[in-house]
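Both chains come to you apart, so use the hints to assemble them.
Now for the letters of each chain:
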Amino acid sequence: MMGINVYLALIAIATLLSTYRVFRGPTTVDRLVAVDIMTTVTTGLMVLFALYYGRMIYISVALVYALLAFGGVIAFARYLEGGL
Amino acid sequence: MNALAIIGEALVLIGTFFYSLSALGLIRMPDVYNRMQTSTKSATLGSLGVIVGTGLWAVGKGYSPAWIVQTIAVAGFLLLTNPISAHALIRAAYKRGIPLWHGSVVDKYAEYLASKEQVGNAEAPEEVSE
Chain A
1 MMGINVYLAL
11 IAIATLLSTY
21 RVFRGPTTVD
31 RLVAVDIMTT
41 VTTGLMVLFA
51 LYYGRMIYIS
61 VALVYALLAF
71 GGVIAFARYL
81 EGGL
Chain B
85 MNALAIIGEA
95 LVLIGTFFYS
105 LSALGLIRMP
115 DVYNRMQTST
125 KSATLGSLGV
135 IVGTGLWAVG
145 KGYSPAWIVQ
155 TIAVAGFLLL
165 TNPISAHALI
175 RAAYKRGIPL
185 WHGSVVDKYA
195 EYLASKEQVG
205 NAEAPEEVSE
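Order-wise, the sequence lines are chains A and B.
FYI, the numbering used here numbers position 67 of the first sequence as 67, with every residue one higher than the one before it.
The numbering used here runs 84 ahead of the 1-based position in the second sequence.
If you're looking for bench data, these hints aren't it; they were derived computationally from the structure.
Note that the structure is a prediction, hence the values are computed from the model and not measured.
There are no misleading hints in this set.
One side only, chain B facing chain A, incomplete, derived with CB under 10 Å: (1) V96; (2) F101; (3) I111; (4) D115; (5) R119; (6) T124; (7) T138; (8) A142; (9) Q154; (10) A157; (11) V158; (12) I168; (13) I174; (14) A177.
With a straight-line Cα cutoff of 20 Å, these simulated SDA-like cross-link-like pairs (lysine to any residue) come out: (15) B:K145 x A:M56; (16) B:K179 x A:F76; (17) B:K179 x A:I74; (18) B:K145 x A:G54; (19) B:K145 x A:F49; (20) B:K145 x A:G3; (21) B:K179 x B:Y196; (22) B:K179 x A:P26; (23) B:K179 x B:K200; (24) B:K145 x B:A87; (25) B:K145 x B:I156; (26) B:K145 x A:I4; (27) B:K145 x B:L97; (28) B:K179 x A:T27; (29) B:K125 x A:D30; (30) B:K179 x A:R78; (31) B:K179 x A:T28; (32) B:K145 x B:A89; (33) B:K125 x B:I168; (34) B:K125 x A:T15; (35) B:K145 x A:Y52; (36) B:K125 x B:R175; (37) B:K125 x A:T19; (38) B:K145 x A:Y58; (39) B:K145 x A:V6; (40) B:K125 x A:I13.
Note that CB positions come from ideal geometry on N, CA and C, so glycine has one too.
For reference, chain B alone in the conformation it holds in the complex (with noise of 0.2 Å):
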């Protein structure tokens, strides 16, 4: 049992630890926007630190060092690919017109497209009259 193990057992500790937590915040939240942003950060949290900490803990074991070429390749996919993920299936959610919870008091994209369709308007009547 050498220090890397032991430093490659922590992290998947800490990683499962958050793994729970993504969960326990998809139980706990609101409504779709509110589980989608706790649960979605601390799970890519939480494989990175099973994933790297895995290969870690191989290495310790005595295995080969292609052990963490390999995990950092995984961790690396999953850090690129989750918040694509998240940011379309919320994207979907708002284009469906799930309402947002009662306590929510910010809403950056209907004010967007609030003063989008202002400008669209102003500027209407400016091309008519040229």
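Next comes chain A alone, as it looks inside the complex (with noise of 0.2 Å):
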């Protein structure tokens, strides 16, 4: 048992690194790459603090927080691509 800081440790160290290509990525779309990287981690950081804190109902609030990004990233796409 290594504890669950341990796992919370290895997320905020992903999010340190994509925050990096967010600041520094040449075109718009890395930057949005690595911003749609950011929210996946998200929601397995949600689901996490949902058993730290033992309430299952913030498992739902990561669920909503998936569709919104999802929705999100299709319409940034799609503005990039012209279309919107």
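The following block contains the structure:
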């Protein structure tokens, strides 16, 4: 048993490295790819927090967050493509 | 601490490890296509590990079995939608004309467009003659 803090630290490392790409990325699509990865990582983080606090209702929050992030990324992709 | 909790915790560890690997691919890869390739695949696998592992871990800790139903619902949703958003983003990148890395050797979409162009040019005079 390593404890939940190790997993939260690994997720924090992933988010920090993605943030580097958001600020550094040469093109707009690079930044958007990094944001997409960050939303995926945040969904996993919310599910872990549901276990951390012992409340099952927080998993529904993660589900709604994943749905909204998916819609947002699709809308941004259509906009960059020029079809919105 | 029973077997279900140990399996779930191992899955969570593997999933978070894949999360950090996907962010590393985001940093290390040379152009936007390679970055999307590495990071989306490993982030999807990591999400499956973390979310299903959390459900198993919670059941092993003594919470209700509804945890695993909800976590599998979230994991299935991510498994369905992550490739779609990746595909839409890469399509937008290609349509915007972002160049491939100089070491890339194959571009099937450009070949497909060129072949379609040729077929169109070959068919056009035929229609005129008829």
